[in-house]
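**Q** Sequence:
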Amino acid sequence: MADAKTILIAEDSSVILNLTKKILELQKYRIVSAKNGGEVIKQVEAQPIDCVLMDINIPVKDGMECTREIRRNADPRIAQIPIIAITGNANNYSMEQFREAGVTDYLPKPLDFDALVRVVKQYIG
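Residue numbers for the sequence shown follow my numbering, beginning at 1 and rising by one.
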């Protein structure tokens, strides 16, 4: 399992976090989590992350702000992490705005776990 891919889940709801975590662990991914935008940045800088599931409505810094910050990172390995936005109100943002911020893809809430697994596999195998 040394080559397990690591996914960072940025989500402030522990219910959604635990569920998402279980689903992805069944797919043999290693999961780390962040409850707010400040933790997201710490996590991506502390260890190799293969993909970020970014809830857009997290406290401290929202998901859009975090995404922009990751994209501006001086380390290309960090700046290029696939970021999948998860949002309960996709209508607040257009795909254009997501792209502008550097979001790789997005999933609406409530999460469809089959779609989640499919999208994650698309970016990190």
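Hint data in this document are derived by calculation from the structure and do not stem from the laboratory.
It cannot be assumed that every hint is accurate.
As the list claims (entries may be wrong) - If you anchor each label on the Cβ, the simulated ranges turn out as follows:
hint: 1; residue 1: S94; residue 2: D3; range: 33 to 41 Å
hint: 2; residue 1: G88; residue 2: V60; range: 26 to 34 Å
hint: 3; residue 1: K109; residue 2: D75; range: 29 to 37 Å
The C-beta atom is built at its ideal place from N, Cα and C for all residues, glycine as well.
**Q** Are S94 and D3 spaced within 33 to 41 Å by their CB atoms?
**A** 37 Å Cβ-Cβ, so the 33 to 41 Å window holds.
**Q** Starting from the hint 26 to 34 Å, judge whether the C-beta atoms of G88 and V60 obey it.
**A** violated, 18 Å
**Q** Quick one: are K109 and D75 within 29 to 37 Å, going by C-beta?
**A** holds, 30 Å
The structure is inconsistent with hint 2 alone, although it conforms to all the rest.
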